[in-house]
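Novice: So the chains spell out like this:
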Amino acid sequence: EVQLVESGGNLVQPGGSLRLSCTASGFTFSHYSIYWVRQAPGKGLEWISYISDDSVSVIYYADSVKGRFTISKDNAKTSVYLQMNSLRAEDTAVYYCARVRGASLTSCYLDYWGQGTLVTVSS
Amino acid sequence: QSVLTQPPSVSAAPGQKVTISCSGSSSNIGSNYVSWYQQLPGTAPKLLIYENNKRPSGIPDRFSGSKSGTSATLGITGLQTGDEADYYCGTWDNSLSAGVFGTGTKVTVL
Numbered sequence: 001e002v003q004l005v006e007s008g009g010n011l012v013q014p015g016g017s018l019r020l021s022c023t024a025s026g027f028t029f030s031h032y033s034i035y036w037v038r039q040a041p042g043k044g045l046e047w048i049s050y051i052s053d054d055s056v057s058v059i060y061y062a063d064s065v066k067g068r069f070t071i072s073k074d075n076a077k078t079s080v081y082l083q084m085n086s087l088r089a090e091d092t093a094v095y096y097c098a099r100v101r102g103a104s105l106t107s108c109y110l111d112y113w114g115q116g117t118l119v120t121v122s123s
Numbered sequence: 001q002s003v004l005t006q007p008p009s010v011s012a013a014p015g016q017k018v019t020i021s022c023s024g025s026s027s028n029i030g031s032n033y034v035s036w037y038q039q040l041p042g043t044a045p046k047l048l049i050y051e052n053n054k055r056p057s058g059i060p061d062r063f064s065g066s067k068s069g070t071s072a073t074l075g076i077t078g079l080q081t082g083d084e085a086d087y088y089c090g091t092w093d094n095s096l097s098a099g100v101f102g103t104g105t106k107v108t109v110l
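Going line by line, the protein sequences match chains L and G.
So the first sequence is residues 1 to 123, counted in the numbering used here.
So the second sequence is residues 1 to 110, counted in the numbering used here.
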């Protein structure tokens with residue numbers, strides 16, 4: 001059974017840092033790319049970041065987090081990480097990781113999602 | 001803010017049909033495949049439609065997708081109370097080099 005489990009969410013002060021983890025099981029992790037998506041309370045889905053499945057690790061970020069967030073992947077631990085620095089109140093959200101399918105980014109879709117982890121940025 | 005526009009809400013009686021539009025541009029929907037996601041209250045999103053009109057196994061054929069130009073549409077027929085949820089379209093934007101989602105549509109079964 002394919003599973004994605006996020007962890008690391010917490011209450012953090014503005015300007016602080018947090019590292020989220022997304023641990024996968026039930027599939028060959030190294031063959032898949034991963035998205036991070038967040039959802040602020042009562043709001044819609046917002047794409048945050050992408051990391052590819054290959055050894056080159058193509059990476060993209062949303063403008064809203066570029067320069068503050070860093071995505072990385074450890075195939076040996078079947079995990080993807082999101083290092084979040086300089087956190088702001090507007091980063092408060094549930095953060096989901098999702099498995100990417102499709103031959104390329106132009107045809108990609110998210111076939112499995114984790115349950116999400118809550119990040120609250122507040123003093 | 002999102003580059004894909006959806007109506008905030010749609011509603012219909014049980015058994016009826018609803019359609020949800022997703023409007024984009026040449027750099028996203030006009031160039032790439034569209035997927036649709038259902039988010040039931042308090043849960044993670046779930047894939048409904050991929051590559052414009054394909055359904056994953058386990059998704060009933062009451063759900064359908066289509067695309068024309070820079071817009072996509074999700075259709076739900078035989079509406080059930082269990083279909084009450086938020087629905088999002090998604091694709092890749094070549095100009096932004098970013099994933100993009102629609103603004104989301106809440107479906108209410110009257």
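Heads up, some of the hints might be wrong.
As the list claims (entries may be wrong) - Among chain L residues calculated to face chain G with C-beta under 8 Å, some are:
{"id": "1", "residue": "Y32"}
{"id": "2", "residue": "P41"}
{"id": "3", "residue": "A62"}
{"id": "4", "residue": "S107"}
{"id": "5", "residue": "L110"}
{"id": "6", "residue": "D111"}
No lab work stands behind these hints, which were simulated from the structure alone.
C-beta: ideal position from N, C-alpha, C; glycine also.
Novice: Against this structure, judge whether each hint is valid.
Specialist: Do the hints match the structure? See the list:
Because the beta carbon of Y32(L) sits about 14 Å from the nearest beta carbon in chain G, more than 8 Å, this interface hint is broken. Because the smallest distance between the Cβ of P41(L) and any Cβ of chain G comes to about 12 Å, over 8 Å, the interface hint for this residue is violated. Interface restraint check: A62(L) against chain G, minimum CB-CB distance 6 Å, threshold 8 Å, status holds. Taken as an interface hint, S107(L) checks out: its beta carbon lies about 4 Å from the nearest beta carbon of chain G, inside 8 Å.
At about 6 Å, the closest approach between the beta carbon of L110(L) and any beta carbon in chain G falls short of 8 Å, and the interface hint on this residue holds. Taken as an interface hint, D111(L) checks out: its beta carbon lies about 5 Å from the nearest beta carbon of chain G, inside 8 Å.
Of the numbered hints stated above, those contradicted by the structure are hints 1, 2, listed in ascending order.
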